[in-house]
Amino acid sequence: MASSQPFPSAPPRPQPGFSPSPNPNPSSTADALQTLQIGRAPPPSAAPRAASIPFSSPASRFGLSRPGPPPFASRPPTTSAPITSNGPPAFGLGASRFPPPPPVAQRPPLAGSPASIRASPQAQVSRPFTGSSPSVPPPSSQPFMGSPPSSQPFMGSPPSSQPFMGSPPSSQPYMNPPPSSQAFMGPPSSRPFAGPPSSQPFAGPPSSKPFGAPPSSQPFGGPPSSQPFGGRPSSQPFMSPTMPFPGTPASSLPFGTPSWQFQTQQGAPPMPGTMQAPPRMFGMPPNMSGQPMAPFPPVTGHSPLAGHQVSTQSKIDPNQIPRPVPSTSPTLFETRQGNQANIPPPATSDFIVKDNGNCSPRLMRCTMNQIPCTGDLLSTSSMPLALMVQPFVLPHPSEEPIQVVDFGESGPLRCSRCKGYMNPFMRFVDQGRQFICNLCGFMNETPRDYYCNLGPDGRRRDVDERPELCRGTVEFVATKEYMVRDPMPAVFFFIIDVSMNAIQTGATAAACTAINQALADLPEGPRTMVGIATFNSSIHFYNLKRASQQPLMLIVPDIQDVYTPLHTDLIVQLTECRQNLEQLLDSIPNMFENNRVAESAFGAALKAAFLAMKPTGGKLLVFQSVLPSVGIGSLYSREAEGRTNVSSGDKEAHKLLQPADKTLKTMAIEFAEYQVCVDIFLTTQMFVDIASLSVIPRTTGGQVYYYYPFSVISDPAKLYNDLRWNISRPQGFEAVMRVRCSQGLQVQGYSGNFCKRIPTDIDLPAIDCDKTIMVTFKHDDKFQEGSECAFQCALLYTTEYGQRRIRIINLSLPCTSMLSNLFRSADLDTQFTCFLKQAANGIPASPLSEVREQITNLCINILHSYRKFCATASSSGQLILPEALKLLPLYTLALVKSIGLRNDGRLDDRSYWVSRSASLSIPMAFPLVYPRMISIHDLASKEDDGSLLSATIPLSSEHINDDGIYLLENGEDGLIYVGNMVNPDTLQQLFGVSSVDGIPTQLVLQQFDNDLSKKLNDVVNETRRQRCSYLRLRLCRKGDPSGLFFLSYLVEDKIPGGLSYVEFLVHVHRQIQTKMA
Amino acid sequence: MSEFFDLESQDGVRMTWNIFPGTKQEAVGCVIPTAAIYTPLKPIPNTPVLPYAPLRCRMCRSILNPFSIVDYIAKIWICPFCFQRNHFPPHYSSISEDNLPAELFPQYTTIEYESTPDTGPAVPPVFLFVVDTCMIEEEIGFLKSALAQAVELLPEKSLVGLITFGTYVQVHELGFGQVPKSYVFKGSKEVTKEQILEQMCFFMRKPKPSVGVIAGSRDGLSAESIARFLLPASECEFVLNSLLEELQKDPWPVPADQRASRCTSTALSIAASLLGVCVPGSGARIMAFVGGPSTEGPGSIVSKNLSEPIRSHKDLDKGSAPLYNKAVKFYEGLSKQLVHQGHVLDLFACALDQVGVAELKVAVERSGGIVVLAESFGHSVFKDSLRHIFQSSDYDLGLSFNGIFEVSCSKDVKIQGIIGPCASLDKKGPLCSETVVGQGNTSAWKMCGLDKKTSLCLVFDIARKDGPEAIAQPTSNQFYFQFLTYYQHNDGHMRLRATSLSRRWVAGPGSIQDLIAGFDQEAAAAVMARIVSFKMEMEADFDPIRWLDRSLIRLCSKFGDYQKESPSSFSLSPRLSIFPQFMFHLRRSQFVQVFNNSPDETAYYRMILNRENVANSVVMIQPSLISYSFHSVPEPALLDVTAIAADRILLLDSYFTVVVFHGASIAQWRNAGYQNQAEHQTFAQLLQAPRDDADAIIKERFPVPRLVICDQYGSQARFLLAKLNPSVTYNSDNPPPPGGDVIFTDDVSFQVFLDHLQRLAVQ
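Quick mapping for you: the protein sequence lines, in order, are chains H and D.
Quick note: the first sequence, position 460, residue 460 per the working numbering, numbers continuous.
Quick note: the second sequence, position 751, residue 751 per the working numbering, numbers continuous.
Some hints here could point you the wrong way.
[Claimed, not checked] Taking lysine to any residue and the SDA-like style, the derived pairs with C-alpha atoms no more than 20 Å apart in a straight line are:
1. K614/H to P253/D
2. K189/D to Q560/H
3. K189/D to Q549/H
4. K189/D to D561/H
5. K614/H to Y674/H
6. K144/D to Q549/H
[Said to hold, decoys possible] Every beta carbon over 12 Å from chain D, so not counted as near; a handful from chain H, in silico:
7. P709
8. E785
9. M1076
Think of the hints as simulated: they come from the structure by calculation, not from any bench.
All values derive from a computational prediction rather than experimental measurement.
Even for Gly, the Cβ is constructed at its ideal location relative to N, Cα and C.
Can you make the complete structure from the sequences, with help from the hints?
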């Protein structure tokens, strides 16, 4: 992207101080750029991602004008920001520049009286990474609080102002300490951070470059050593302890105001580009310019937010605590370099992968990029060891496609002991006559026709010609041996609820229309088969194979003991019945118009459809609108019961989130056995017991779609888009997956939407690009320091076109016995997703309070471990966060407050959340928990460089103004919040009405002929594209229940029974202190 | 004998003894039971139909009739059965000797009353077709066209429904306009009426009552929910035709070594329940078209495995037909349901193999259904019979519904029961004999379906024990019967037919001549045939030949004229003279010699026997044979192998089969084509005459008989030879005359039979 370009040159620069890490932080630069460059022309890379965009066309149909596919660049990787060390740096800047200033009194405070400390948490999060080298130490790290007033660089508050003063010298550390750290900042003096926004583009100071790290490079400064970030300047204190702001800035901008935008002006030259994003996020002080202000002392070197003390909270500057920073520019990521695994960029950022041995991190990534040599080390770190595997993930369009290798009749070459597949890490020895399996260590004979001489470097000479030897991901053509039958056709069976409620709410009509339109997107060809059935208190099949005749409706009335009414002709080649089917779909809503049957035999209908599909397997798409009330697997309104039974207490409350009985589970297992995958579309206005229903999709590799409360005005578009994506996205059928790993580890468990019948494999009747499977590991032996641990995921599946393939995904990571390395290479994205899934699994099993406590403890334990073993030198008064995990507290807090873990949620909403979490991919996990919010009333004033989405606002009500309009999206729903003092012109432009009350709650976004409306549409469409999901928009007005609903997403706020972000940091800190004591 | 025909044409009744033996003991001595074969709806010309309700006796509920004693002055009538005195109601006030109501006219012993308008509007009959689809395409094609034709012929107002079945049962919702729609039920599972109500959404618009009988529009079902399945023929003709048009072979695959999965019983049960739900108590017929054995569900008769043969008589005798009893039990249950609802089951079984008529018999017979058995749906026996049902012409069946048959008798006559198409209503009373035959232990019977020809065989019991002197009084030797039949006439209105009869007792010495004078040997043969069939079915180890022989011998001993121990002196009165011949042929008939037939065929023959009148029954027992030749006008010939001659054409009517048999010479001439030459017109006429007569028989008969045209020495000639008296066999001493024939059998000839009879009778 454009933005990145500028820097390129810069990147190369070696970091001053640091040697080691070659990589600069690309991302950070990127961020920085971005901020600066708003308004730039669209990035070059904008290649349209055609394929990947699911909705593009649809949108247009609905009148959303969707611009062409947005350029890539635009995709803001929302959260990605974190990676970069930004936050800190920013401070750093200030700091750096002004290092001297405050002597930082800060520390003291911390240490001393906790109370006194302001917890200045520094938002800054220190990036553990960087500084992290163990050596780094502690001292520096603590920054947060510690940061003396001075630290407030931004604020420019005069040092003096700080109350903190007290802060111990240590704070300084930042700067000082690791010289290296400075790296970024380069010379301290340099204004790297110019933080202020942007305005001054980095350009200015050369120094800035540092950041500008080469785009491609890993953000993190991959190599351990490098702490590129070191940017420690950063250590900014999150909160500037003192609030000083006020005074400070000459500029007068009180910090408080979120108006971060202002910054721009400042552009204080001083702050060179270095400033990273953080600044912006935090609302840099506008005028920070005052370079002068810089005074603030640097806070800790690496990580650490703050060490604020408890009491101090008030002093923590909410604008400086760590927050995700989106980045927009795509980076190039090489999976391995110099025979070493590189640390992948954040999952939510935009990157292009070059597979040179390890798989793309999109396909598979690990919670830590170095594997602990022993189980003890792992447990000491308290971090989870797990892989997130998303085997069909959409690639970046610029990436090279996965290569298909055909070994002919003999099939793919495998280790004869562990059956691992040939991969780049198998070592050929003895002139190539033998090879050693990297998974089990067994010495295999090389088959004659696979023999090849070794070159002088010990590698086979043909390595580069054989994808399986040079690529982390390949596909093998499966031979007969891998088939128990001919590959199945692509079967799509639709079943639609036509009970009275479904008809009356328009759900049936919406489903029929959606299917009708989606037919066009089914794979062409004779292998695509379709069938359809409807149901209320009985099941209605349709014989579609009646040349030129109307379809014949066959009713199965026995819903206790169901059967399929015909042997053939219920599932017919699409080409043969398209007309019939279209006509039928048109007439179904009329046919049942007068239906007075309120009952719904969901389970029976499913079973009957299954029987029809049993010979082939396939996808069963169910459109359900009411609680299944009769027949097999009928349910009752447990929610009501739960309400009346409140007395039975919270102890039992979570049981309502468990399936009501085992019938559906038993059915689901049978479905899976016959390769039937069920997706359920719940277009409902009532309780439908998702806890029970979701068992079926979960077991069969499907998913639940939830439209609540269903509205015939706003939902059909989403329904159609979801359906269309469901059937047209890349997917595989009748799949079996197994993950193997090197000796020393063993698979502990799988988690996701699948059926498990034998311990080693999981069965996936269908697997698609949106599904992620979590695989956890445990040690059963030790690794040697310096060795590598390999993971190999093998997925045997059938393509939509009937080919049987084996997709092999390899990842080989170095082993370490250093705890600090673990923290440095920790992957926040993966870990957090892992926590999310663990929480989701725990919700139905144990009382909510326990789940929340567990999650919080996970976070505390990790931070405690880091604090205890890697940051020992810092004051106990400081909260020190490992750079890589600096956002962990924020996400943990958000997770604890998310719908699934709130007791006030509707049962169904919570169950849905749980079921959605189960298969959620990493990039989608973040918005679910920490939605993205942007302001839209001022869109017109932002530059249109495709990065509109990157200007996110923290999820705090402080950032919400009454005269603003905001869009908050969690990957599935979009809430448009309209304040009560919005300029009527703006409303007129966006919604075509001039008063808030005039906007319908069931919002259908229209495009009006004005810039603002166009941009809003662009934003929405871009979001849809990124999320592969059609954003369902809902209007929230201030002062109305919908407004409160919106506010419930602002996870940083204090809510009854829930801590604010700052309070949470304090809480975490206190817990750590307790443990340390 | 002609007086018996006169009696029959007046009242539709034939009795074995038209003068009753006066005491129980004598009745036993008469050997042949006192019985009557009554045809309730026999068309009787000039029978008045009275547009008012009948007058009933206060005491016994019998109806005012010509035998009642009327006191015109006091306006009182005395019931002949119970002697109760009844006052005439006011509207009879003008009654006088010169001004009699029709029911008192002596010639109107049989009279009909038609319901007055207050009994409700005419109810259209309902036809529910239940169609098997497990057949080869060719058969389906035949069936389709036959059904299409039937649909055209359906009475306009009648309601129609359609169910098809194979592996599954499909109930077609004819009233759903938008797409063809059907409910599919699993064949292997029984479906109750409650399930039908529930699963087919009959309570769509209202809550289901928690208790109570639910059925029909009177009982809370909306008319439109019923009209989904049963529609006036005129409204659904198009839908029905298009459905029939598309009728296809059951699509479920059948392994080569298996029979098709056919759930006849489930389909019938669903049909019955559907009618029970929709139109309980009003006339409706389930017309089942079955093309093979039931292999699925409770009424299956054989397993699917082709290696297992369908049960034979031998299997039934040995008890080695494992499914038989279960199936019969199921159909007994079904028959109860049908009788309760007043609905009829008709069976059209067309297959080369058996389909389970033997098991279904109980349901068909109790409900008064029609049964037709043929080899193929393309065969004229089926096609023409089906047409016959709906065609309105002189020969139409006059299908009526929902009949109730009641009997009143004078004291001392009791009813053992009825053998025929009816079901007991369990109305017990003094009239019921302790001995039970057929449907007994009641004085009222349900006849869900009946037609002009339906004939019941009532078996009486003489209960009088008094000495003969009591009978001497002429006043007391008259006694009376009254048969009452309520039914839904095919015009939809309810009618009541009342037949009142009087007979007299004789007793004591000298009564034998009176008894002989009143003996109706044809009726006796028909009754014996029904009884022997019934006993064969009901009594284990029953030896029909022995029973018939003993009966005949005893009869001859009692009524014959002979000197003891002198066979040559034996002679019989003309009133009895043909009876031994009937018995001889009955012994050889399909009713007794079952081992030549399958259980299905036997059941079929018996069902027809049990609903036919005396004349037709006699044809079944002893076929009629007519000879055509140049030498004489067509004349009846002896049913004997000697009737065969080369220059004769024989026309055999054995009821189920009509055979036109050309003598060898006739066949040669015909093959030479003489009949086409002008100079041989007489030959053409000779050829044509038996054909015309056969057509006449076929036209009026239902089920339509099978027409066999054959030549002497041809293979089809067996249809004739099997029925002839084997007076000349392969080992006879005297060879047949030239052009004659022999029968390859060891059976005794009539002459031998008669010799034995005489010898035994005189002992």
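So, going through the hints one by one against the coordinates:
For the hint pairing K614/H with P253/D, the CA-to-CA distance comes to about 16 Å; that is within 20 Å, so the pair holds. For the proposed pair K189/D and Q560/H, the alpha carbon gap of about 12 Å is at most 20 Å, so the pair holds. A threshold of 20 Å between alpha carbons decides the hint, and for K189/D with Q549/H the separation of about 31 Å lies outside it, so the pair is violated. Between K189/D and D561/H, the direct Cα distance comes to roughly 9 Å. Compliance with the 20 Å bound is thereby established for this hinted pair.
For the hint pairing K614/H with Y674/H, the CA-to-CA distance comes to about 6 Å; that is within 20 Å, so the pair holds. For the suggested pair K144/D and Q549/H, the alpha carbons sit about 18 Å apart, so the restraint of at most 20 Å is met. Consistency note on P709/H: stated as away from chain D, and its beta-carbon is indeed over 12 Å from all of that chain's, at 27 Å minimum. With 12 Å as the threshold on Cβ separation, the claim that E785/H sits away from chain D holds: the shortest Cβ distance comes to roughly 65 Å.
The claim that M1076/H lies off the interface holds: its Cβ sits roughly 69 Å from the closest Cβ of chain D, which is beyond the 12 Å cut-off.
Of the numbered hints given earlier, the model fails hint 3 alone.
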